[in-house]
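Quick note, the sequences are listed as chains C, S and L, same order. The numbering used here runs 19 ahead of the 1-based position in the first sequence. The numbering used here runs 157 ahead of the 1-based position in the second sequence. The numbering used here runs 6 ahead of the 1-based position in the third sequence.
Keep in mind that the hints were calculated from the coordinates and are not lab data. Treat the hints loosely; a few may be bogus.
Pair by pair, the computed Cβ-Cβ distance ranges are [as the list claims (entries may be wrong)]:
{"no.": "1", "chain 1": "C", "residue 1": "730", "chain 2": "L", "residue 2": "94", "range": "30 to 40 Å"}
{"no.": "2", "chain 1": "L", "residue 1": "18", "chain 2": "C", "residue 2": "32", "range": "40 to 50 Å"}
{"no.": "3", "chain 1": "S", "residue 1": "222", "chain 2": "C", "residue 2": "24", "range": "37 to 47 Å"}
{"no.": "4", "chain 1": "C", "residue 1": "636", "chain 2": "L", "residue 2": "167", "range": "29 to 39 Å"}
{"no.": "5", "chain 1": "S", "residue 1": "377", "chain 2": "C", "residue 2": "804", "range": "23 to 33 Å"}
{"no.": "6", "chain 1": "L", "residue 1": "18", "chain 2": "C", "residue 2": "221", "range": "51 to 61 Å"}
{"no.": "7", "chain 1": "C", "residue 1": "32", "chain 2": "L", "residue 2": "130", "range": "42 to 52 Å"}
{"no.": "8", "chain 1": "C", "residue 1": "93", "chain 2": "L", "residue 2": "94", "range": "29 to 39 Å"}
{"no.": "9", "chain 1": "L", "residue 1": "64", "chain 2": "C", "residue 2": "32", "range": "23 to 33 Å"}
{"no.": "10", "chain 1": "C", "residue 1": "809", "chain 2": "L", "residue 2": "130", "range": "23 to 33 Å"}
{"no.": "11", "chain 1": "C", "residue 1": "32", "chain 2": "S", "residue 2": "245", "range": "26 to 36 Å"}
{"no.": "12", "chain 1": "C", "residue 1": "526", "chain 2": "S", "residue 2": "415", "range": "35 to 45 Å"}
Every residue gets a Cβ at the ideal spot worked out from N, C-alpha and C, and that includes glycine.
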Amino acid sequence: MFGERVPRREDRRLVTGAGTFTDDLGHDALAVAIVRSDYAHARIVSIDTAAARAMDGVVAVVTHADLPGRIADPLPLLIPHPNLTEPRTQYALAPDTVHYSGEAVAMVLARDRYVAEDAAGLVDVDYEPLPAVVGIDAALGTDVVHEDMVDNIGAVHGETVGDVDAALADAPHVLELDFDIERSCGSALEGRAVHARWDAPDRRLRVYSSTQAPTSVRFAIANIVGLADEDVEVIAPDVGGGFGTKINHPWPEEILVPWAAMTHGVEVKYTEDRAEHFVASTHERAQRHHVRVGFDDEGRILGLDVSFVHDHGAYTPYGLICPIITTTQLPGPYKLGAYRCRFRSVYTTTVPVTPYRGAARPQAVFVMERTMDRVAAHLGLDRLEVRRRNLIQPDEFPYDLHMTFQDGRPTIYDSGNYPELLERCRVLVDWDGFAARKAAAAAEGRRLGIGFGCYVEGTGVGPYEGGHIRVETTGRVQVATGLSSQGQGHETVFAQIVADELGVPFDSVDVVTGDTRRFPYAVGTFASRAAVMSGNAIAEAARAVRHKALRIAADALEASVDDLHIVDGTVEVRGTPARAIPLTQVAVLSNPLRYSFSVEARAATQFAAVADPDRPPVPDGEEPGLEARAWYSPVRSTFASGAHAAEVEVDVATAEVRILRYCVVHDCGRIINPMIVEGQIHGGVAQGIAGALYERMAYDEDGNLQNASFMDFLMPYCTEVPAIEIDHMETPSPLNPLGIKGAGEAGVIPVPAVLAAAIEDAEGYPVVRMPLGPSDIHDLRVANGVATRPAEPAARRSDVPG
Amino acid sequence: MKPAPFEYHRPADVAEALDMLAGLEEAKVLAGGQSLVPLMNFRLATPAHLVDISRLAELRHVDVTERGVVVGASITHAELMGHEAANEACPLLGRALRFVAHEVVRNRGTTCGSLAHADPSGELTAVLALLGGEVTLASQSGERTVGAADFFVGYLQSACGDEELVTSALFPRLGEGSRSTFVEVARRHGDYAMCGAAAAVEVAGDGTIAAARLAYISMAPGPVVIDVGEVVQGRAPADVDLAGMYDLVSSVVDPRDDIHASANYRRHLAGVLAGRAITEAAA
Amino acid sequence: MSAEPTSEVTLRVNGQPRSLRIPHRRLLSDALRHDLGLTGTHVGCEHGVCGCCTVLIDGSPQRSCLVFAVAADDRDITTVEGLAGADGELHPVQQAFSECHALQCGFCTPGFLMVAASLLVREPDPDDDTITEAIAGNLCRCTGYVNIRSAVRRAAELSAAISGKG
């Protein structure tokens, strides 16, 4: 079934409204509302909760002063780094200072969310405002975000490969360029949500959370509220989109809600609303880059020196992952001669920044691809030709970039074929025929442009994932892995893998993801890693189960293991299908019993089973049950790649951008389910278009977000997203047995670069920032002396005699 | 985001509705709710009472008369869009309504409700202004009619008093030989316009333009009506002085910056849409 | 107990009369989800923009987050749970969305299904522009809409086949 477009197992419950999203639980639970700061930066002078507490239906109103033990400490720094010399994380509830508008200050626990919001409105917080620090310029200025720091520099870091200063000094041509990307956010349609139940007699806590990292949330909660890991269960039920935002954890609510459940002995739930999601989750993308590029007359890059500033908002829970990814992924598919990339990661009084689909790769690709276009323009060469001359060749793998990747390991490209990627994209979009199309349109007074962008993406990041498989005596094959799902079809693709590896019917396989009761060790769903990591772990577990099944069957059938295979859930002797034993029976035999509890089980009991009196029923090194657990822990990430091209029209008068064609050539190694990969690409491209043309976080200078709603945060409808043409190619990964690479972020990564290039091609002036709306384009036209209206025949003017 | 508490009332007829509006403190009219309920969910509006008129049979009428189209207050945008006779008498209605939000919102939102809400980006405000229409208001003290020019008082403020109910709006017919259209530029399909214009063009017997007027949304707190006749009069539609219209309109409108569009861009759009609207209407 | 005004209302949901006593400010979306346990209707924004909460009220698709449950008294309401047949057979739109991989996380899906189902009642053979206009008010973050368009076309085919006009 590997490689088949298998319809999804998840669909039935989702199309019938029978899915279980976190807010679907706990109709009788107490509801939480959070009082959030209205100020970007302020000292909390006092909090008066008396009126709120007195309200009918309110159970409790909690501030930092009420938080016990470690719950009162700052939330964990998830990914420390030696160069993150000034890390800061927020508290579950702010004790004395708030650093962004939206920061949690108090928690209301009430009969339902309506009453909780009423009470939240009565909590009276007295703030003493402090200077807001908004944007990179302010961050580099004199106002300080964190009072115990002298400036706003959280980290300085970079990578150096070769001697870039010498390379630039010797280069025949050098260009200096600046590129600017604005802040955006993932904006899944389901916001964050947490539901907790405390079982007092058992002293166990069960938490449901709309998260991408349930296993890690579990350890965080256990650690912070002071329970044994064993006494905490965390489940990610159906999750309405994650897009990276929900990998961050633990949120204040993920600690406060379980603690409230324990304290009050009842179910407690919190469901973030849309307005909150914009100011209480996380953002990403804001970076400002300066580039010096040195190249020869052929357009070969001799040296590339990039310095950038990364705006990480008010806190750094996720460490430096985003700017590290920009740094290490910026070279893309090119051989650059010397390369240096350095960054400063800075604080601002805005929502904290953690990875959003693409995880700072869009910024890296924007810089690299716009630079390539500039080099081509400078030399008067075709933009694809310049790229071709710089590509890493197919026979140069493994290709070491001599940098440390986000997983702490060397950045070494394992496989790929970048010249073919570029060539296929050139053909798909008919790059060579564009000049004629552009001219024909120009004759009609229309402005057309074409853009191209390519990238390399490190996927399948470690450290590991695991899989557990158990064949029940009923024939159901139970599969579990610890990472979770937010629409990627894991229940389907992992079942495809098991069906193939184990030889069982696809429909007999049940996959559970993201439930610590079923699988306790995992890392999470992010970095396009789930299929690679859990896919391989599950495949390995399936092989182990298969091996055990064949051994048990070999005994029962008195055959040799090498003569057996499994077909449709039955172990058969090759060539003699009559000599067979179904896996249900093998499962029974795998568990020697004293007591029979069913007709089938009778076959395994101590007097019924064929027993070798000189061997123990469960031999050394064996375990009861037809099950196995396996792990996949790669030596390093595996690198996917892609090339996109787009043809756009920019309206001569209104400056609106219309995407006429969007083409993707994509390589994620071997593909388990092409239908699902295409879906991921469609969604990624749509988010890329959104980020290039529509979405930004509009902060005012006081640090207030002016577009915290779907009315003003312009997430595209279907009318804004064009048809998307996709061509696949496969360069299998040599790093894992399935040969797969990740696909989850591919669609989004090069889109801003591609559209900027296309708009620039149409308009004729440099496009160096994203996003761009029609108003921005109009202003650029005016600034660059480009016509803002079609030329008019003189005879039409009313002041000219006609 | 949940609304603050309020008391809901469903009057049996208009008279009872008016009694309620007069007698209850901080009461607001609930028709389709597509403008009001989002504000309530954000707690930007916290009326103590809601008077639901959406089921009042007395207000559920569309009358096509000599003067034009009279739309009762509980008629939804969808119902009006689907009303053949109304659209024949006043084609500008259908042309404008297709820009109002999305289908699902039009299924419940009311045309009179849009007018009463007086959003500067509300397409129907420009239609009413361009056609010189009027709104009928009822209260316990009686009925009065307010012309379009006086109805849109300010940003989200109409002439409708706290104790009054909009019972209907009249959209007058354009004269013989008149043509009309509505054009708009928005960030996303269905969004509030960055600039929009209703256009009415009178075409003379010889096919040239006799008169032309535009009414803009998103340029000011209320609709802005501009007569462009002096620029286009006597011209064939294909021969219109687009630059002249652009200059006239962009010198009259005075829009503001916001996060979606700069004032300069909006002003530019106003000029561009003048040409597009007049050309499209006259075609 | 509570000082805020409540009323008893009867909503005919998926053909079943359901009586509730609820506060006046209770949104229909919350009444369906939490008072009636029909959690298939989802809440994405509560300001009428995303369409996740779309249900049919007397056959007309409307945003349930912008309707107070009291205002829907005595109305026929159809939610996603009411699309499939009594025997569990999927409605053509449900079948088509799955066939065409028009859903990923499934959060926006019920809203799209209601819009598509009601479209096919009005327009059994919609052209692409009509489909676009019908679904243009629903947001999806996962699929990029490409497969959703295909699914609505496919649903029209399936519907036609069922009614024998195929």
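Each hint tested on the structure:
1. 730/C x 94/L: 30 to 40 Å: Cβ of residue 730/C to Cβ of residue 94/L: about 39 Å, so the range 30 to 40 Å holds.
2. 18/L x 32/C: 40 to 50 Å: This hint is violated: roughly 25 Å between Cβ atoms.
3. 222/S x 24/C: 37 to 47 Å: The hinted range 37 to 47 Å is violated for residue 222/S and residue 24/C, with Cβ atoms some 59 Å apart.
4. 636/C x 167/L: 29 to 39 Å: Check failed, 58 Å falls outside 29 to 39 Å.
5. 377/S x 804/C: 23 to 33 Å: holds (30 Å)
6. 18/L x 221/C: 51 to 61 Å: Violated - the Cβ-Cβ distance for residue 18/L and residue 221/C, about 42 Å, lies outside 51 to 61 Å.
7. 32/C x 130/L: 42 to 52 Å: Check failed, 28 Å falls outside 42 to 52 Å.
8. 93/C x 94/L: 29 to 39 Å: violated (51 Å)
9. 64/L x 32/C: 23 to 33 Å: holds (28 Å)
10. 809/C x 130/L: 23 to 33 Å: violated (42 Å)
11. 32/C x 245/S: 26 to 36 Å: For residue 245/S against residue 32/C, whose Cβ atoms are near 48 Å apart, the range 26 to 36 Å is violated.
12. 526/C x 415/S: 35 to 45 Å: violated (54 Å)
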